[in-house]
Amino acid sequence: MTSNAKAPRVLIAGFEPFENDPVNPAWEIARALDGWTCEGAVVQAVQLPCVFGRAIDTLDAALPGPPLKLVLCVGAAGGRTEISMERAALNIDDARIPDNAGQQPIDLPVVKDGPAAYFATLPIKAMVRDMRAAGLPAAVSNSAGTFVCNHIFYALMHRIATRPALAHTRGGFVHVPYLPEQAASKPGVASMALADQVEAFRVAIRTALTVRHDVRETAGRLH
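In case it helps, this note's numbering puts the sequence shown at residues 943 to 1165.
Take the hints with a grain of salt, since some may be wrong.
Claimed, not checked - Pairwise CB distance ranges, derived in the manner of DEER restraints: (1) 1043 to 981: 12 to 22 Å; (2) 1006 to 1130: 41 to 51 Å; (3) 976 to 1076: 35 to 45 Å.
To be verified - When the alpha-carbon atoms are kept at most 16 Å apart in a straight line, the in silico EDC-like pairs for lysine to aspartate or glutamate are as follows: (4) 1067 to 976; (5) 948 to 970; (6) 1067 to 963; (7) 1128 to 981; (8) 1128 to 1156; (9) 1067 to 1159.
No wet-lab data here; the hints were simulated from the structure.
Yeah, the Cβ is synthetic: ideal placement off N, Cα and C, and Gly gets one too.
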């Protein structure tokens, strides 16, 4: 983290490894960008445990401090071919597998009596546009799943929506592909080099800090 403790921040919260993988590209991206300065804001990386509830506690501990311009939570999505900007977070935990603490909630709300869903407040289409223009595969995604990734995405957006201190903070969730070393043991599964993923985030962060109103162009899907 930079020594400029008063600079506005971009918080990147990347998950630890899970499901017996020794590495998680989400955390590798976050820590590679820690301390990077963009448009006057400094990136701060924090590692999230892949554990329901505990991930939210870790995020909450990282929120206080200098003003937050952006918060990007990041998780791995094995099999995806692109950097995926998530559009919506659902108020549901429905775990296909246990988390790293052995918990497996089924059909429980992330926030009791909270709204059914939140949309990301990042300019996700502009971010995708600019990553693609830089030669980096990216897309808008309409499902962050129902595991700990969606759990933290919903919790983040609920905090942005309900806490006055975060009224000027934009937030969202990004799913990223496997790294080549992960795909090497999973024949046929897509991957993306860490250097390319880090560069994609540099482009996306710069766009999010400079674009106030998202572009209006198609990013929908039939299914």
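How the hints compare with the structure:
no. : hint                     : in the structure
1   : 1043 to 981: 12 to 22 Å  : 38 Å, violated
2   : 1006 to 1130: 41 to 51 Å : 44 Å, holds
3   : 976 to 1076: 35 to 45 Å  : 21 Å, violated
4   : 1067 to 976              : 24 Å, violated
5   : 948 to 970               : 25 Å, violated
6   : 1067 to 963              : 31 Å, violated
7   : 1128 to 981              : 39 Å, violated
8   : 1128 to 1156             : 36 Å, violated
9   : 1067 to 1159             : 7 Å, holds
Violated hints, listed in ascending order, are 1, 3, 4, 5, 6, 7 and 8; each of the other numbered hints is respected by the structure.
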